[in-house]
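Peer 1: Chain residues, written in single-letter form:
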Amino acid sequence: MSINDNLFVIIMASAIFYGTPLVFASLGELLAERSGVLNLGVEGMMLLGAVAAAWVSTNVGGPAIVVLPLAIVAAMIAAGLGASIHAFLTITLRVNQIISGLALTIFAGAAGLSSYLAGIWQLGQTPVKQQFGKIDVFGLTDVPVVGPILFHQTLLTYLSWVLVIAASFYLFRTRAGLHLRAVGESPQTADSVGISVSRYRYFHVIFGGSFAGIAGACFSLMIVPTWVDGMTAGQGWIALALVIFGFWRPDLTLLGAYLFGALSSLGLTLQARGIHISTALLTALPYVMTIVVLVVVSNTASRRQLGAPAALGKPYEREER
Amino acid sequence: MSRFGFRLEPRSNLPKWLPWAVPVGSFLAALLVGAIVLFATGQNALSVYGRILDRAFLSEGAFTGTLISATPLLFTGLCAAVAFRIGFFNIGGEGQFVMGAIFGSGIALKLGADAPGILSVSAMVIFGAIGGGLWGLIPGILKAKFRTNEIITSLMLNYVAIVIATYLIFDSNSFWRELTGSGVVFPKGKILPTGSWWPNLDFGSIIVPFGFVLGMVIAGWLYVLQRKTRFGFEMRVVGGAPTTARYAGMKPARIVVAVAALSGALAGLGGAADIGNFRHVLDPKGLQQSGFGYAGIVVAALARLNPVAVVFVAVLLGGITNAGYALRGPDFPSGLVGVLQGLILFCTLGGEVLARYRITRSGRTPVGASVLEAS
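Chains A and B supply the protein sequences, listed in that same order. The opening position of the first sequence corresponds to residue 286 in the numbering used here, with each subsequent residue numbered one higher. The opening position of the second sequence corresponds to residue 183 in the numbering used here, with each subsequent residue numbered one higher.
Treat the hints with caution; some may be incorrect.
Selected chain B positions facing chain A (Cβ under 10 Å, derived; list incomplete) [what the hints assert, rightly or not]:
1) Phe266
2) Ile273
3) Arg329
4) Ile333
5) Ile344
6) Val519
7) Leu525
8) Val535
Quick list of in silico lysine-lysine cross-link-like pairs, DSBU-like style, CA-CA up to 30 Å [unchecked claim]:
9) Lys372(B) - Lys292(B)
10) Lys599(A) - Lys198(B)
11) Lys599(A) - Lys327(B)
Worth flagging that the hints you see were computed from the coordinates, not collected in a lab. Beta carbons are placed, not taken as given, at the ideal position from N, Cα and C, and that holds for glycine.
Starting from the given sequences, assemble the full structure and let the hints guide the process.
Peer 2: This is how it looks when you write it as structure tokens:
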């Protein structure tokens with residue numbers, strides 16, 4: 286029996302595998318919220334991304350090295366288009382961000398456009414043709430413990446790490462990141478020094494939304510990997526909670542995503558090990574944990590101290606001067 | 183806004199036609215955009231809409247089916263309308279609906295076939311409301327005590343409620359599960375005793391479910407509650423200006439908890455009504471697929487959070503839902519119902535703003551807010 290064949294390694298490795306879509310989705314939401322716009326459409330945008338990626342993978346011919354990046358780009362565009370509806374309604378028309386985001390999830394979600402398109406494109410009858418498989422990085426898979434956990438994941442996981450580092454750098458080390466935080470904290474101040482509030486908000490809502498598209502593609506190209514109506518099963522909502530849990534910081538959000546990845550996969554992992562436990566009740570674990578975590582986080586300190594952007598959820602109206 | 187060459191200027195006097203024009207205009211605009219989606223994807227929009235209209239309202243027995251679909255929407259619509267009015271965004275109508283169905287079916291099974299019908303039905307109404315109310319209390323108390331975001335907690339509880347229902351039928355030998363006959367092989371719920379089936383009011387060509395009548399009565403009661411009572415006044419103050427409410431000696435936290443329970447109880451009643459009038463069994467898969475809780479938000483928004491308007495909007499959207507069921511098959515695009523619901527919500531939001539503001543090239547700072555607009 287190999288040293289890597291133990292429960293700890295398996296749970297850690299699947300935490301990262303199943304947590305990867307949560308990393309993308311919460312990172313995208315984090316960018317939008319940092320600009321002051323709450324987007325509850327994550328679940329819907331993820332499903333749009335998932336269906337677009339599944340279509341490309343099923344219908345576009347060619348080698349995987351061409352098709353898979355194309356599928357990711359398609360997922361980003363599909364989800365970005367969904368986000369742009371939310372951006373227009375909340376930034377230009379200044380409607381209630383909560384209801385607009387919900388509308389996006391109802392419009393695009395499990396009983397909406399994603400299922401509509403999947404039906405018309407006849408997806409879901411077979412697995413997608415091109416998938417993201419686990420790769421052996423530098424031949425390190427068999428290294429004890431860290432091998433299977435860190436060096437035997439799919440390319441999407443490594444992409445998510447790059448994006449988390451890039452987003453941290455962008456937010457805290459660049460001029461544009463400083464402007465973005467200013468827009469989310471105090472749009473009046475940002476405006477007074479010549480930063481275009483609506484341009485920053487549009488860009489980050491749409492670009493952040495496209496991350497949710499990649500998260501959806503993780504499901505249809507990596508985890509499942511085919512199309513199933515409503516396949517994200519509420520993970521988009523968990524991603525929203527992770528942003529709060531991660532104090533609006535990319536690195537902490539990544540840790541949270543892996544914690545929930547572990548919880549989501551626990552049922553499957555234990556079952557594969559022959560440990561009998563009600564799978565239905567284990568399914569509830571990530572949802573219950575989300576509530577517990579939110580209560581703990583909201584109780585320990587006020588939102589302001591946690592790093593919530595001060596202008597989050599508030600439309601910006603330029604004052605007459 | 184100046185980048186786009188226009189800005190929004192508030193109308194000084196809101197015209198009288200506004201409360202009607204916005205929902206009607208939004209609904210038509212949503213149908214128009216929906217038609218564009220259908221055409222763009224190679225479907226004949228006129229034929230699809232024609233079939234929906236036919237199966238929702240025109241063909242024989244269609245309106246009865248529409249009222250059956252409208253009943254749960256009426257309750258989940260009231261659930262969202264009451265909560266959103268005070269700025270408590272209860273997105274948990276779905277889970278509260280399921281808990282109402284679990285509690286309602288539980289008491290009907292417990293009372294058994296020997297109990298008189300009127301007792302069983304009343305008990306289902308009460309227990310449905312209790313089940314949903316308790317489930318709605320959780321996000322309410324968490325919000326009031328810890329300021330926990332109610333949107334996410336109520337939403338997470340939707341998934342938990344469905345897991346509980348699934349556990350009761352598929353994963354345990356619970357009281358709700360049929361353990362004899364074909365139920366041994368295929369997990370399913372016990373059929374409720376016929377005495378507990380909710381009555382229908384027969385008007386010849388149209389059959390009105392008792393649940394729908396109950397919903398209409400409750401909608402009227404809520405209207406009076408909101409307009410004529412002290413509690414309703416406090417609700418409006420808390421919804422409009424929480425700080426003022428505190429200065430005026432009201433206790434916003436207490437009102438939030440009360441409204442959360444009321445909102446949950448309404449959705450729970452919907453769950454009991456759905457089982458009593460229609461399913462007669464606890465069916466987790468059916469409950470999950472129906473999505474009545476989320477659709478209730480669309481109903482409430484289109485009704486501009488007015489309880490009486492919710493009744494009419496529920497019938498309208500119930501028609502679309504009913505047609506969606508009836509037409510399900512290879513010829514009818516699945517997911518269309520959700521697309522239309524989402525579009526209706528988008529258009530209501532946009533329409534509300536466009537109606538309240540004038541689009542001009544320059545102007546003064548807009549002030550004022552509506553219930554559907556950000557505070």
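Peer 1: Please go over all the hints and tell whether each is borne out by the structure.
Peer 2: Structure-based check of each hint:
1. Phe266: With a closest approach of 8 Å, the Phe266(B) hint holds.
2. Ile273: holds (7 Å)
3. Arg329: holds (5 Å)
4. Ile333: holds (7 Å)
5. Ile344: holds (9 Å)
6. Val519: Where the cut-off is 10 Å and the nearest Cβ of chain A is about 6 Å from Val519(B), the hint holds.
7. Leu525: With Cβ-Cβ at 6 Å, under 10 Å, it holds.
8. Val535: holds (5 Å)
9. Lys372(B) - Lys292(B): holds (11 Å)
10. Lys599(A) - Lys198(B): At roughly 29 Å apart (the allowed maximum being 30 Å), Lys198(B) and Lys599(A) satisfy the hint.
11. Lys599(A) - Lys327(B): This hinted pair holds, its Cα atoms lying about 24 Å apart.
Of the numbered hints listed earlier, not one is contradicted by the structure.
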